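Student: This is what each chain is made of:
There are 2 protein chains.
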Amino acid sequence: MYAWKMTELNADFELIESPFPALNDDEVLVKIAGCGVCHTDISFWHYGVKTKHELPLTLGHEISGKVVAGNHEWMNKKVIIPAVLPCGRCVLCYDNRSNICQNQLMPGNDFDGGFASHVKVPYKYLCPVPEEVLDKYPLKLLSVVADAISTPYQVVKKSGLKEDGFAIVIGVGGIGIYGVQIAKITGAKVLALDISDDKLNTAKAYGADAILNIKDLDIRSTKKLVRGIASELGTLPFQWKIFEMSGTKAGQELGFNLLTFASSLSIVGFTLDKLEVRLSNLMAFDAQLIGTWGCKPELYPEVVDLLAQDKIQIDQLVETFPLSKINEIFHNTLDHKYNKRSILVPDFD
Amino acid sequence: MYAWKMTELNADFELIESPFPALNDDEVLVKIAGCGVCHTDISFWHYGVKTKHELPLTLGHEISGKVVAGNHEWMNKKVIIPAVLPCGRCVLCYDNRSNICQNQLMPGNDFDGGFASHVKVPYKYLCPVPEEVLDKYPLKLLSVVADAISTPYQVVKKSGLKEDGFAIVIGVGGIGIYGVQIAKITGAKVLALDISDDKLNTAKAYGADAILNIKDLDIRSTKKLVRGIASELGTLPFQWKIFEMSGTKAGQELGFNLLTFASSLSIVGFTLDKLEVRLSNLMAFDAQLIGTWGCKPELYPEVVDLLAQDKIQIDQLVETFPLSKINEIFHNTLDHKYNKRSILVPDFD
Numbered sequence: 001m002y003a004w005k006m007t008e009l010n011a012d013f014e015l016i017e018s019p020f021p022a023l024n025d026d027e028v029l030v031k032i033a034g035c036g037v038c039h040t041d042i043s044f045w046h047y048g049v050k051t052k053h054e055l056p057l058t059l060g061h062e063i064s065g066k067v068v069a070g071n072h073e074w075m076n077k078k079v080i081i082p083a084v085l086p087c088g089r090c091v092l093c094y095d096n097r098s099n100i101c102q103n104q105l106m107p108g109n110d111f112d113g114g115f116a117s118h119v120k121v122p123y124k125y126l127c128p129v130p131e132e133v134l135d136k137y138p139l140k141l142l143s144v145v146a147d148a149i150s151t152p153y154q155v156v157k158k159s160g161l162k163e164d165g166f167a168i169v170i171g172v173g174g175i176g177i178y179g180v181q182i183a184k185i186t187g188a189k190v191l192a193l194d195i196s197d198d199k200l201n202t203a204k205a206y207g208a209d210a211i212l213n214i215k216d217l218d219i220r221s222t223k224k225l226v227r228g229i230a231s232e233l234g235t236l237p238f239q240w241k242i243f244e245m246s247g248t249k250a251g252q253e254l255g256f257n258l259l260t261f262a263s264s265l266s267i268v269g270f271t272l273d274k275l276e277v278r279l280s281n282l283m284a285f286d287a288q289l290i291g292t293w294g295c296k297p298e299l300y301p302e303v304v305d306l307l308a309q310d311k312i313q314i315d316q317l318v319e320t321f322p323l324s325k326i327n328e329i330f331h332n333t334l335d336h337k338y339n340k341r342s343i344l345v346p347d348f349d
Numbered sequence: 001m002y003a004w005k006m007t008e009l010n011a012d013f014e015l016i017e018s019p020f021p022a023l024n025d026d027e028v029l030v031k032i033a034g035c036g037v038c039h040t041d042i043s044f045w046h047y048g049v050k051t052k053h054e055l056p057l058t059l060g061h062e063i064s065g066k067v068v069a070g071n072h073e074w075m076n077k078k079v080i081i082p083a084v085l086p087c088g089r090c091v092l093c094y095d096n097r098s099n100i101c102q103n104q105l106m107p108g109n110d111f112d113g114g115f116a117s118h119v120k121v122p123y124k125y126l127c128p129v130p131e132e133v134l135d136k137y138p139l140k141l142l143s144v145v146a147d148a149i150s151t152p153y154q155v156v157k158k159s160g161l162k163e164d165g166f167a168i169v170i171g172v173g174g175i176g177i178y179g180v181q182i183a184k185i186t187g188a189k190v191l192a193l194d195i196s197d198d199k200l201n202t203a204k205a206y207g208a209d210a211i212l213n214i215k216d217l218d219i220r221s222t223k224k225l226v227r228g229i230a231s232e233l234g235t236l237p238f239q240w241k242i243f244e245m246s247g248t249k250a251g252q253e254l255g256f257n258l259l260t261f262a263s264s265l266s267i268v269g270f271t272l273d274k275l276e277v278r279l280s281n282l283m284a285f286d287a288q289l290i291g292t293w294g295c296k297p298e299l300y301p302e303v304v305d306l307l308a309q310d311k312i313q314i315d316q317l318v319e320t321f322p323l324s325k326i327n328e329i330f331h332n333t334l335d336h337k338y339n340k341r342s343i344l345v346p347d348f349d
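The listed protein sequences correspond, in order, to chains A and B. With our numbering applied, the first sequence covers 1 to 349. With our numbering applied, the second sequence covers 1 to 349.
Hints were generated in silico from the structure; no laboratory data involved. Where hints are given, some of them may not hold.
For identical chains, the list gives no copy identity; a pair is met inside one copy or between any two copies.
The list that follows gives simulated cross-link-like pairs (lysine to any residue, SDA-like), each with its CA atoms no further than 20 Å apart [said to hold, decoys possible]:
(1) Lys124 <-> Pro301
(2) Lys274 <-> Ala250
(3) Lys158 <-> Arg97
(4) Lys124 <-> Asn213
These figures come from a predicted structure and were not determined experimentally.
Full structure from sequences and hints, please.
Tutor: Here it is as structure tokens:
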């Protein structure tokens, strides 16, 4: 098999050939159809965030593919590999919190991941892709279900957003654009906030009821405009569900300041920056901050079902490249040259 | 009737005599048995927090008493008056969030409250006190159910604390001491943190499994000791339920830093101070911050039932004074001279 390995910080990935790995009883070998490039990969490769497994390591955790060896019940199945693979046997798993299982394994972090021809994974939580979804999308595109779609799915579900609710998505990039679509499925009114007109227009095309470019607005003005939009859309002035998907300090500050009575702010994007907040506002508003990590594999079939029903769209939001161009793609991603999620497709044959 | 009215910031309360107020169809007149002195009253009287109703105003929102006029079905009933009186007809009330109802009324804030001989209130959400509880406690002492006991009750309930859980109560004063008792009822292990040995010893006597004086400890040392205590008590190193009941910046900072995987921090105490936090930790921990305001009246009967079952103790935690001493009591409370909750008992007869 072949893999493009990260050998050291900021260095070009190296193509390495190796024998197929030995499989344990609970594992299968998946021939990779596609693997998405996530901000987390860039953090490992460029920003010095440490992978749990030492280098060299194959990055990539948004993987779809076909089982080609191991447990015979899984043979030839087309699958999505969840980005979080819990143990399924611990207190947190039994308590419906498998996404934060303390024994969880993540491809491209705890073990060799998806920028390769094959990947060895435990099969317990693989998500089989039904034929009706494969009729709509080639398997390689479904790689983005792992993380880019499933993470905002869990987020919206945890928030309790309902039909008569008001969702505010801050940052409608690679994750946020699915946040908009998923929020919309609930029947709620959805407002997209971003600093890019391009991204906002895409959000509008994918279901946002209103968009607002906040590039030159301070928090007070934004808040006033958001109140006006909520009113125009006929939603209530409280119980807002705010989703911070930009992963920036400015986004978190805005989100916190948009909180009102009985509302919540979900922290989805990650930044190392701290910010100054009055936590007691949460008490006065009876409001919540909801941190959410990945997505439990148990929810993946629900996401796939939404794809089958055409309630979530992928095609115009992703772009495929040959995996052999990985070094170029990573540099371009770092330089913000892509508006769409990049999927790397193995080209070893 | 008689009332001790706040006329201006920091001024002595003035005894005012007035005719009984006219009652609307949805209101009753309650002859007051006792009214607790809360930190919120001190904030109105001394710290310049504005009451919603203009001055002069009778403060006091922790009230018990007997219905003496109005709707005949309520006549002669002994009742606790919830500190938050929702409308019962709005979206938030129907959505099980009546404690943050936007039409809510609070005695001693929206209308004349409990430092008086009588109070006029809507009867819809009054909590009748059963005889079995009156056999245990004089009605005047039950005033502390409104707020001091009901608020931490709602908090613990919202946190989802369970039998095998670990509760950390930061600040075991007037509210926190009930937080400890209520957390203990769930069967969880309870750790009390405070800077007063006296308060910690009381917490120990009222059910805390462990106590820790954090007066001279930095956050890092506290965290290490808390981990050790969690281990000694045989609880898990994650899913901690942390309750900030001190209403201080230091308490909130400690609470935020004690967060770990799948845990939550409930913000119960109030402070105007801001603090600097890395909100993204919530994402990495899949953790929550839960702000909680008052207690919905629908939960009061559950609290009264716990008193009936002797699962919550009051007597050693309160001290009664004649209402005519209100000015002295407020000054002493401001100077932190009391370790127990003060209840003012009308002495106009």
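Student: Work down the list of hints and note, for each, if the structure agrees.
Tutor: We went through each hint and held it up to the structure:
| no. | hint | in the structure |
| --- | --- | --- |
| 1 | Lys124 <-> Pro301 | within (14 Å within a copy, 46 Å between copies) |
| 2 | Lys274 <-> Ala250 | both (10 Å within a copy, 17 Å between copies) |
| 3 | Lys158 <-> Arg97 | both (11 Å within a copy, 17 Å between copies) |
| 4 | Lys124 <-> Asn213 | neither (43 Å within a copy, 46 Å between copies) |
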